[in-house]
Each structure stands twice: as structure tokens, then as C-alpha cells.
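Chains as they are written, first to last, in numbering that gives the first Met the number 0: chain A, 0 to 448; chain B, 0 to 295.
If you're looking for bench data, these hints aren't it; they were derived computationally from the structure.
Where is the CB? At the ideal position from N, CA and C, for every residue including glycine.
Treat the hints with care, as some may be off.
[Said to hold, decoys possible] What follows is a list of derived Cβ distance ranges for each label pair: (1) Arg159(B) to Ala119(A): 56 to 62 angstroms; (2) Phe207(B) to Gln75(A): 42 to 48 angstroms; (3) Leu147(B) to Glu179(A): 44 to 50 angstroms; (4) Ser440(A) to Thr121(B): 52 to 58 angstroms; (5) Asn223(A) to Ala62(B): 26 to 32 angstroms; (6) Lys107(B) to Arg267(A): 49 to 55 angstroms; (7) Glu282(A) to Gly150(B): 31 to 37 angstroms.
[Unchecked claim] Computed footprint of chain B on chain A; a stretch qualifies when at least three of its residues, placed anywhere within it, have a C-beta under 8 angstroms from a C-beta of chain B: (8) 221-234; (9) 334-342.
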Amino acid sequence: MIPVSGQREGTSRMRVGGARLFTLLLLAWTTAGCGGPGERANELRFWAMGREGEVVLELVRDFERENPDVRVRVQQIPWSAAHEKLLTAHVGRSTPDVAQLGNTWIAEFVALGALEPLDAWEARSPEIDSSAYFAGIWETNLIDGVLYGIPWYVDTRVLFYRKDIVERAGWREIPSTWDEWRDLMGAIKRSLGEDRFAVFLPTNEPAQPILFGLQAGSPLLWENATRAAFSRPEFLRAFRFYVDLFRDGLAPPVSNTEIANLYQEFERGYFAMYITGPWNLGEFRRRLPADFEDKWATAPLPGPDQDHPGLSLAGGASLVLFRDSKRKEEAWRLVRFLSRPEAQVRFYRLSGDLPARREAWEAPELASDARVLAFREQLERVVPQPKIPEWEEISMRLRDRAEEAIRGARDLESVLETLDREVDRILEKRRWLLDRRARASGEEEIEKP
Amino acid sequence: MSGVLERRQARAAWFFLAPALALIGFFFFLPILAGFVLSLTDFDIYAIGSPEIARFVGARNYAQVLHEREFWNALQNTIYFVVVGGPLSVLASLGAALLLSARLVRLKGLFRTAYFAPVVTTLVAVAIVWRYLYHPRYGFLNYALGALGVGPVDWLGDPRWAMPAIILLAVWKNFGYNMLILTAGLQSIPEELYEAAEVDGAGAWRRFRSITLPGLAPTFLFVGVITMIGYFQLFAEPYVMTQGGPLRSTTSVMLLMYEEGFRWWRMGKASAIAFLLFAIVLAGTLVQLRMRREAR
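For reference, chain B alone in the conformation it holds in the complex (with noise of 0.2 angstroms):
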């Protein structure tokens, strides 16, 4: 190819994009610009009413985040969410989804879709209906343990339940999502895989092991960043079930930021918790993917 041709394609190819970059440079790179340079400021509501009165403070807002226990505190809550409760959600897909691709399963689309359906049901519905089945005198989920014998729970009013309840909730509310990317995932496995595994008298554990779990592996690396990242992010379910309590046990990173920035309107300081969370996130997602790098 000539380098005109080339030079003219690049061209065309740029005037292409132009729109989609610039929209993407001004609604994407720009704010987050513009939230960094937040950060390193100590905008607060003083300075909504004269914005002069906002200093440059360099890295203080992130010194004074990092020295604050409700920070830790929050991370800690967090990253209880995210270890527990991303594991329970993958697994439940895992599961949802074998059950779904087995072969003896009838009405499948019946049951995808059940499964499905509190994906895209709201979740401040969701959470209030959960919040009738954890109370701790009249609540189902009581009721039932109490006709296993066991002493009632009170699932959002003791600090230590507070954070296993809005788990349970996130995880029943999500694992819909994942089944079906691992539905997909599972259907990519070409069927003379198992069939050739029956032939040579493979059982189910062992076609499990060593068809579809190496066959689902990017599947698997992709649920898990993508899940790591939405828990680390938990919001909704705590700022509508217990507004972070009780004793700040479910009070997670981005409550903390929401709470720093709307509430208490100290931008500069939330915008420090936002890139924190960020950072967080990125050295979540380098370690799976050289985890992942190493097993292979």
C-alpha cells in the first residue's frame, strides 16, 4: 500500500472517531481531570458560596483520609463484602448455571428468567421487601429459623449480622447476571468434548473438573474482575437498609464518599475517598489477572 493511501485512510479513520472522542474527552477524561484536581483541593460548602475560599492543599485530603478510622473502617466493611460476598455470588452463578444447562431440566427460559428477574428489579423495592423478611420479630427469615430451632437473628440492628444480611440480599440480587454470562460461557464448550470423556469413562466429577472448569476459565477471569469491581462499589444496598449502621458496620467506601460529598458537601475530600477506591480497584484487578497469568 502506498503512503498516501495509508496517510488518507488514518485521516478519514480520525475524522470517524472525532465525535466519539470528543464526547468521550468531555464527558469521561475531563470530569475525572477535573475530580483529580477536586481532590487536591479543599472545596467545601464555603467555597459553593465563593469558590475562592477553596485551597490548593495538595495531598492533604488523601493524608487525612488515610489517617482516619472511618476510612479503615469502611475499607474493612468493604473489602468483607467483596471477599465474601464475590466468591458466594460466583459460585451461586456457577451453580445457577449448571443446574440450567443440564440436560434433564425442563421449562429452562422459565427458570433463566426467574433467575434473572431481581437483576433488573429496582433495587430500593428489592431492599424494603428485604427489609420486612430481616426484622427481627416479625420477619420471615426469623420465623423460619425459629421453626429450626434456632434463637432469632437480628439481622440489621447487630453489627455483627448488619453486613452477612446486605450480602445474602446483593448476592440474590445479582447472581442472575453472572449465570448468564457463564450460561454463555458453558454453551462454547463443544459437546464431542464430553461425549468423547463419556466414551473413555469419565464421570460427572471428573468431566466437571476437567472439561468445564478449563473451558470456562476466561469466562470465569472476567466474571470475577467484573464482580470484584461492582462489590467494591457497594452503595445502593447499605444507603437504603441501614444507612451504614449500626456502629458504621456497613459503611463502605462509597457510602463513606457519598456521605463526605453530599451530605457533609466537602467535594475535595470525597473526590481523594473516589480515587482512592480507584486505585484499590485497579491493584484488585493486576492481581486476578496475574493469578489467572500464573495458573496457566
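With the rest of the complex left out, here is chain A (with noise of 0.2 angstroms):
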């Protein structure tokens, strides 16, 4: 599906885009109907992203034998096709029975009307409610208050950072504010020397201005997000704030490609503090030398006042039910049987990943790891980035605006201003949808714009 650029072929690779948008179309249609190949009677299919598909195999075996009368095929897809597999599959009418779903990708798929919406299926299951998760997660599956996902394991980012070079630097743990979050950077960067840095925030993602806008109170998005907020003073707070960081020289203004071990430059203090998620707990136990155990630490993000600790964001994954789905049954069965406190627990042994039940933490693996605390304590304190179908775009934008104004020397507002502008000619097309669902349910005459 990806078009590759005919460097060869001379005349007939010209009109590559409109031909090869719309054979994908028509082939997507005419195989529409068609189920896998080698479907049986009372077969689940189940999508499973990445390293989750394989562990999770192990969970389902014991589904199975709990429910002998359903088989389950678990599809493994990897993270970097999963997309672009689903769309095609909805469009092609072959989406399995349940699926994994990164939960900023829910509302596209709403969007999309591809979802079961689960109000009414969770109210027939007593042991799956709100309050047995944590608030900002559960909130990531509501879509314009209608439930469209159970949450199944959960992200968010806190600060990972060097304990010697904290302490090096007269500080003895991270603070709770911006203020004096900044302070310990300038003594960092003054005990480091000049090209070493206090914390390395990547150009090229933009998680790290969006939940520092989320602190500083922004909404990123108003109006029933249908018009941008970056200009805004809650925004040009936190922006300013992150900006200045790299034109103060506390952050290295490079992207996450320009560096090339990102555990070696940890180990060898080219940046004392980074702000990343769960995965990385493995990821630093595996790869750091055993001697540095004692040299690394995580915490809870600060926040712009006292309030502590700061937002971050809710990541994570959920299970979804499909719409087209003919064994909803069966899927909501296996949704509840991976959403039960002993099976998140041993998902977390298998995989690492950090399991949505609040119950699932009172397990002693999780319990009594102070760098996995610091993500129970940040937990509570997570909110949704808006939950549109247009947010990525609107978050590549944010981050290719914030890249030219830690590379420029443009004024923050005007960067703003301009962000402001191409957000909303992007939302364009949602305020005509919302305008419309408006008039058409009559509930009041609004003006077109």
C-alpha cells in the first residue's frame, strides 16, 4: 500500500497518486465480505499489537480452557502497520471480533462508526466499572460520553533522571514546581559543563509541549474542540516555559534520531533527566551496566504551581469491540477475562506493561518498586489529549512549529498565532460535521459561520 517512488518507470508512475488512492479504494470494496481464510464457527478473532500479541497468547490459552466453546485467533500485527491494517479492514468489512487499541486512535475509529459502543455491555458486568481504573484513563474511552473501550494496560510519562548528578547538584529529589524544577536544571547544567545538558526533551515529539500545556491549564482545543487554543496565555505560558529550556541551553535542541544510544548518553551523563514512559523501565534495567542500578530513579513530573504532581498524559491501550462483529458474545467474555486483576497482574510479568486495575497494583511486583510508584502516583494525575480524529495532525503541527521556534528566533506569540491558523482551517471540516448534526437534531438554529 505504500507507494513507492517509481524512480523507472517512466509515463506510467505519473498519476501514481489518484490511480493507487483509488485502486486501494476499489480493491478494499470488492473484497469486502469476504472473511479470513480457514474461518470455523465460534472462532474469535482477536488483533494484538506488537510484543502485547505475543504474550498475550499465553493469557488466551487459559480463556480457552475456561471457555471451551470458543477458539481464539490471535492476529499479531506490528505497531508500525496496525493503522493502516485496521482502516483497510473496516473499509474492506473484515475487522476481527476484538481488538487492542492504542487509546488515542479511539475516537478516529469512532468516527469511523467501526465500534461497539459498550455502555450497555458494561452495565451487564458488575466487576467492570469506573472506578476500579484510574479516572484519565478511563475518561480516553469515552467519546462524547458513549463507551467505546475497556481500558487493558496503561502509559503515561514521569521523569527519569540521574540520581548522582542530582545530588551532585545539591538537590536531594525532584521538585514539585516549574519554578524550582528549573533551579535544579541550572545547577545541573553548571556542575555538567557546556555540552552537557539537565534534560533532554526530543524536537521531534510533541508529548513533551502538549502536557506541559496540559499543566499550565490549557484545553489545547475549546469550543468542543472545534477551534484551536495555542495562542492563548495557559498555552504561551507552558510553551515559553519549553522553549526556553533549549534557548537557555538546559535542553540539547536535537530529535530523538540524532542521538544515537539513548542509554549510553543516559550512562554517560550527556543529559541528567528525561521524560519518557513505562517501556523504558525495561528498556534501562536491560540495557544500562549492572553497577548503575542505584544511579537511576524516576519521579512523578512537576507542575507549574503547587499542585503536584503535574498532568501527564493518558496512554496506554484498550480492548474494542467491533460493530460488524457477529460473536460480540464472546468477545466481551474475553474482554472481561483479561480486564480481572490476576490476569492484568501476570500480563505485567509477561509483557511490562503497567495494567490499568487499580487492584492489579496491590500485587507485590508492583507494590514494592519505587521507580514503578512513581507511575501509580503520576497515574492519578493524567487527562486525554482531545479526542478528535484530526488530533495527531493537529500534534504534528504543534511539534513542527515548536521545532522552528527552538531552532528560530521568532517571538512565541506570532509562532503561536500562526499555529492557531492552520489548526483551525484543519477543524474546518468538524465544525461543518458538528454544525450539521446540530440543525439536524433541531435543537437549536445556529448560524453558519
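Each chain sits in its own coordinate frame; assemble them with the hints.
Here it is, written out as C-alpha cells:
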């Protein structure tokens, strides 16, 4: 599906764009209705991504033992191909019965009409209840108040830091406010010298400016997520904090790809702090030398003011049912099985993914690990990013403008005004749709803008 | 010939052509037409869910694309790639073809295969290896430059160097193909011309200018047009190596189209970009043809 550059095929490749796009759609439609090959009665199709797809097999076998009438076929899909595959499956009407879905993708698949609303199912299963989950994480599964996913595992970002460097700079722990945090960074920078940095914030990731913005109280988008709110004072404050870290030399203006080996650089002290997620707990442990174990730690994020911890992003993956599925009953049984606290703990042991259910966190391996506990504390203070299909694109625009501000000298107000204009243009269709829906439901006559 | 026979022959011709024409029409012209219609709508992710949401917007996609900085930036990058990379690639091919046709060279088959090998290797694998070569601190290229006393270059991380790095890779990857075509062109120049010129006392340079170049002219035109068309569709190299960064300095028109279409699912706008690119490539081809005609 990836249009390869027709370097050599000459004229026949000239309209590769239009032709490819449409043949894709045509193909997808002509194959509509064909189920997967070798489909058997009562076989549940479960799509899981990346490493989760491998380790979940063990849990699935237990599920089958408990439910002899159901066979589960787990299909492992690499993360890099997952999004496209799900979309084409939807267009080709060959979606699975149940799947793991990154919770930032839910809005998009709801817009497509691909997902089954889960409120009725949830109401019938008392053990699945919003209070058993972290509020911010549960919230990511609600689109316009309707539940579409059950949290499976959670991701959020906390601060990974070098204990020894922080101590050498004269601090015993990570402070709780931005001002103190900046002081700490200044002290670290002075003790490390010119070519080393206090914090690494990859310029090709939008996550950092987004979470600083959320911490400062910016809604990012407003008016029912139809307008950009980046040039408003809340976001401006966060953006200034973020960009100044680079302009003042506390963070290196480099992207992820420019750091050859993150773990090596962390060990060498090229940077002392790094905002990242639980996937790096295992990586840091594995890749750093054994005598390094007591030199690094994790901490919840500082906040702009006294509210500690500062907000972080509600990430992770949910389990969703597809509207076209003919085995929703069985699929829901699998979701319930995977949501049991003991299944969640086992899943953590197998994959290192942090459990979505609070009860699972009482398991000793989670409750006694100081580094994991920083996540536990942070998870009480997480919020979703705007839940609209356009968000990923908007976040990329934000990243581009932020990179421009970091590498250039433009004043931040005008950068954010440009960003707002771009984002408002992206949201035009959404404004039109909501407008149309409002008119159709006849609740009130809304003037066309 | 009688009219009846002619008509009968024509009918037979149509009969034999029909399957091919039907295929071409269905898989070729129909999609183009559909793509064009698509480019006049705002077909997007919402419309995949419920097609009635797609609006007919006329030329708005085109106007919007032409108004966006992103497009002009992508076009600028692409033209940079075509204008610098294209001639470089053709020159490299010509050089290699001349070397390989020199009488003194041994093992021609081996060299020809070696030079052609990059053309048939998978670009993704090649790009990954080149990413190692380009690595700012541990890459071979900077190691070699360091030995010459030149400071390290952040090939793929620096917006000024990323496109030259892509060009270098593309030229290396592609020159073998044009080399083969030019070799064929060289072989079609009669040997007697060279012999006669030598007898007349023409030196190597004179022979090259007065025999080789004019003799290669039609091949050059072909190679030039094909290379330009191919280079305008720059996609896989930046897609694999840089994802269009840093600072979008390697985002080509094709990559922009791919992002619009398959990342953000704005099919209408992506189709509009495709047709704009088509218009640009067509214009470029016409200019080349005109230049050739005037040169004659």
C-alpha cells in the first residue's frame, strides 16, 4: 500500500497518486464481505499489536480452557502497520471481533463507525466499572459520553533522572514546581558543563509541549474541540517554559534520531533527566550496566504551581469490540477475562505493561518497586489529549512549530498565532459536521459561520 | 485494397485490441478519472465512515494546496532534488558508461553487474545501511571526512545537509540503470566514425564532443526525461531515512501526498496534490522536448 517512488518506470507512474488511492479503495471494496481464510464457527478473531500480541497468547490459552466453546485466533500485528491495517480492514469489512487499540486512536475509529458502544455491556458486568480504573485513563475511552473501550494497560510519562547528578547539584529529590525544577536544571547545567545538558526533550516528539500545556491549564482546543487554543495565555506560558529550556541551553535542541544510543548517553551523563514512559523501565534496566542500578530513579512530573504531580498524558491501550462482529458475546467474555486483576498482574509479568486496574497494583512486584510507584502516583494525575480524529495531525503541526521556535528566534506569540490559524483550518470539517448535526437534531438554529 | 477488406481488418484489429484496451481502460483511465473526481471533493476520514459526508468542493483543494507553505516547501525540496540530483545522476551514468566501453577495461561484465547491483537491491535495506554510513558520530562517512581533516557533518540531522545526503544515496542507487541505457547508446555509434576521426587526427576529447555526444543525443533525451520524471516522484528515500525531517527539509511532494492521503486520510486533498505533481512533471517534460528541438 505504500506508494514506492517510481524512480524508473517512466510515464506509467506519473499519476501514481490518484490511481493508487483509488485502486486501494476499489480493492478494499471488492474484497468486502470475504471473511478471513479458514474461518471456523465460534472462532474469535483477536488482533493484538507488537509484543502484546506475543505474550497475550498465554492468557488466551487459559481463557480457552475456561471457555471450551470458544476458540481464539490471535493475530499479531506490528505497531508500525497496525493503524493502516485496521483502517483497510474497516473499509474492507473484515475487522476482527475484538482488538487492542491505542487509546488515542479510539476517536478516529468511532468517527468511522467501526466500534461497538460498550455502555450496555459494561452495565451487565458489575466487575467492570469505571471506579476500578484510573479516572484519566477511563476517560480516554469515552467519546461524547459513550464508552467504546475497556482499558487494558496504561502508559504515561514521568521523569527518569540520574540520582547521582541531581545530588551532586545539591538536590535530594525532584522538586514539585516548575520554578524549582528550573533552578535544579540550572544547577545541573553548571555542574555538568557546556556540552552536557540537564534534560533531554526530543524535538521530534510533540508529547512534551502538549503535557506542559495541559499542566498549565490549557485545553489545547476549545469550543467543543473545534477551535485551537494555543495562542491563549495558558498555553503561551507553557510554550515559553518549554522553548526557554532550549534557548537557555538546559536542553539540547536535538531529535530522537540524532541521539545514537539513548541509554549510553544517559549513562555518560550527556543529559540528566528525560521524560518518558514505562516501556523504558525495562529498557533502562536491561541496557544500563549492573553497577548503574542505584544511579537512576523515576519521579512524577513537576507542575507549574503547587498542584503536584503535574499532569501527564493518559496513554496505553484499550480492548474494543467491532460493530461488524458476529461474536460480540464471546468477545466481551474475553475482554472481561483479560480485565480480571489476576490476569492484569500476569500480563504485567509477561510484558512489563502497567495494569489498568487499580487492584492489580497491590501485587507485590508492583507495590514494592519504587520506580514503578512513581507511575502509580502519576497515574492519578493523567488527562487524555483531545479526543478527535484530527488530533494526531494537530500534534504534528504543534511539533513542527515548536521545532521552528526552538531553532529560530521568532517571538512565541506569533508562532502560536500561526499554529492556531493552521489548526483552525484543519478543524473546518469538524465545525461543519457538528453544525450539521446540530441542525439535523433541530435542537437549536445555529447560524452558519 | 478494397473498402470491405479494410473494414474487416479494422474489425479484427479492434477485436484483438479489445481485451488490452478494456484492461487499460478499467485499471488505468477509470482510476485516473476517479482520482480526479476525488480531488474535487473533501473525501476524508469522516467520509470513509459515511460517504454522504463528502462534499463537492470544486477547485478548493487545489487552491488550498497552492496556498499552503507546506506544499511550496515540498515542491522546493523536490525541485532541489531534481535539479541537483538529476544531472548528477546522468553524469555519473555517462561516466560509468564511458569507462565501461573503454577498450582498455577488463572484466566489463563484472563491473557492469557491480554498478547495476544497487538498482536491483531493496531500497529500504540500502537506506538502513546508508543511515549507518551517515551516522554523525560513528558513521563511516564522517570517519573518512575526519581523516581528511574535515569536521563531522550531521548528515541526516542538519536541515542543510539532509537533502544532499538523500541525493547522494539516490544517485548511487540509480546511476546503474541509466548507465546500461547509455552503454547501449554508445554501442549503437558506428566504430568506423571513431576510426575515421582518428585517421583525421582528432584527439580523444574532440572525438567525444563530435561523435559520442551527438550520437548519444536521442538516448540523452530519453534518459533525461525518464530521470526527471522519476526524481520528481522522490518518496521512498526520505520516507525511510528521515520521514521528511529535519524541519521538513526532505519532505517531497510525493511524501506530502502520502501523508495527506494515508496518514491524515484526506483523500481529496491528496488527489489534488497528485494531479498538481502530474501537471508539473508534464510541464517539465514539455520543456525538455522543446529544448531538444531547438538545439537541433
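Ascending list of hint numbers which this structure does not respect
Structure breaks hints 2, 8, 9.
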